[in-house]
Amino acid sequence: KQEVTQIPAALSVPEGENLVLNCSFTDSAIYNLQWFRQDPGKGLTSLLLIQSSQREQTSGRLNASLDKSSGRSTLYIAASQPGDSATYLCAATLVDSWGKLQFGAGTQVVVTP
Amino acid sequence: GAGVSQTPSNKVTEKGKYVELRCDPISGHTALYWYRQSLGQGPEFLIYFQGTGAADDSGLPNDRFFAVRPEGSVSTLKIQRTERGDSAVYLCASSQGALAYNEQFFGPGTRLTVL
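Protein chains in written order, with our numbering: chain P, 336 to 448; chain S, 85 to 199.
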């Protein structure tokens with residue numbers, strides 16, 4: 336069974352610092368890995384999706400890397416802003432799983448002004 | 085265009101009652117997923133529809149839970165004889181097709197509270 340782990344569970348940084356969020360998974364037979372943002376009481380907003388054949392994806396200040404062999408993905412957020420405060424979740428899609436996502440528990444991020 | 089919508093946004097019910105939760109996927113999306121998220125946890129898969137049929141219902145916790153998608157668009161998650169442990173946020177997601185690498189788009193969720 337795929338296990339997805341996110342460490343740390345919570346993170347607080349001053350505005351302007353770079354954020355590094357970690358995600359690890361136990362089964363390397365994945366189709367892709369997706370990063371989401373969740374604001375309190377809200378649904379999930381997709382940030383980046385990395386296919387298994389890719390090493391990284393970038394969107395604006397966000398960059399996500401994927402290393403299947405070590406079972407790790409990292410989300411980098413450059414020059415953090417208070418508006419980046421949210422919970423960030425990673426989710427893996429296993430091969431032969433009909434696309435269902437296996438989520439980590441998330442990292443709660445607070446960016447202080 | 086419109087995103088995934090879910091109704092109601094909040095539902096409070098008493099133990100033992102029956103509830104229905106509705107999901108309207110993005111127009112044209114053939115794949116639809118239901119997930120359940122408990123406090124402090126990531127969402128857990130419940131059921132997957134491709135078109136009108138449930139291709140994978142392995143995540144449904146027991147036979148009190150049932151979901152339908154009769155016309156291949158709107159889906160309804162039905163919970164019978166609700167229990168306090170069913171309290172959670174129920175999330176719906178849709179994607180363009182059956183391919184596992186298609187990006188999933190989530191609705192805002194329905195927060196279910198069973199008293």
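Mixed in with the good hints, there may be bad ones.
[Claimed, not checked] Derived DEER-like restraints, expressed as beta-carbon distance ranges: (1) P:Glu350 x S:Glu167: 17 to 27 Å; (2) S:Gly112 x P:Pro349: 35 to 45 Å; (3) S:Lys162 x P:Ala414: 30 to 40 Å; (4) P:Glu350 x S:Val158: 23 to 33 Å; (5) P:Ala413 x S:Glu155: 41 to 51 Å; (6) P:Glu352 x S:Gly100: 18 to 28 Å; (7) P:Val430 x S:Glu104: 41 to 51 Å; (8) S:Gly156 x P:Thr447: 27 to 37 Å; (9) P:Pro375 x S:Glu167: 40 to 50 Å; (10) S:Asp141 x P:Glu352: 27 to 37 Å.
[Claimed, not checked] Non-contacting residues of chain S with respect to chain P, defined by C-beta distances greater than 10 Å in every case (computed): (11) Lys99; (12) Gly124; (13) Phe129; (14) Pro154; (15) Asp170; (16) Glu187.
Quick caveat, the hints were computed from the structure, so don't treat them as lab data.
Owing to the predicted nature of the structure, the values given are computational and were not obtained by experimental measurement.
Even glycine gets a Cβ: it sits at the ideal position worked out from N, Cα and C.
Status of the hints after comparison with the structure:
For the hinted restraint 17 to 27 Å between P:Glu350 and S:Glu167, the CB-CB distance of approximately 44 Å leaves it violated. The hinted window of 35 to 45 Å between S:Gly112 and P:Pro349 holds, with their beta carbons roughly 44 Å apart. Against the hinted window of 30 to 40 Å, the Cβ-Cβ separation of S:Lys162 and P:Ala414 comes to about 47 Å, which falls outside the hint. Range check, P:Glu350 to S:Val158: about 43 Å between beta-carbon atoms, so the 23 to 33 Å window is missed.
The hint said 41 to 51 Å for the Cβ distance between P:Ala413 and S:Glu155, and at roughly 45 Å that hint holds. Between P:Glu352 and S:Gly100, the C-beta spacing of about 50 Å breaks the proposed range 18 to 28 Å. In this structure, P:Val430 and S:Glu104 break the distance hint of 41 to 51 Å, their C-beta atoms being roughly 34 Å apart. At roughly 47 Å, the beta carbons of S:Gly156 and P:Thr447 sit outside the given window of 27 to 37 Å.
Checked against the hint of 40 to 50 Å, the pair P:Pro375 and S:Glu167 fails, with Cβ atoms roughly 26 Å apart. Against the hinted window of 27 to 37 Å, the Cβ-Cβ separation of S:Asp141 and P:Glu352 comes to about 44 Å, which falls outside the hint. No Cβ of chain P comes within 10 Å of the Cβ of S:Lys99; the nearest lies about 24 Å off, and the non-interface call holds. Distance check on S:Gly124: its Cβ comes as close as 7 Å (rounded) to a Cβ of chain P, failing to clear the 10 Å threshold; non-interface status is violated.
Its beta-carbon lying about 4 Å from the closest one in chain P, S:Phe129 breaks the requirement of being farther than 10 Å from that chain. No beta-carbon of chain P is positioned within 10 Å of the beta-carbon of S:Pro154; the least distance is around 20 Å. The claim that S:Asp170 is not at the interface with chain P holds, since no C-beta of that chain comes within 10 Å of its own (minimum 19 Å). Interface exclusion of S:Glu187 from chain P breaks down, the closest Cβ pair being 5 Å apart, not more than 10 Å.
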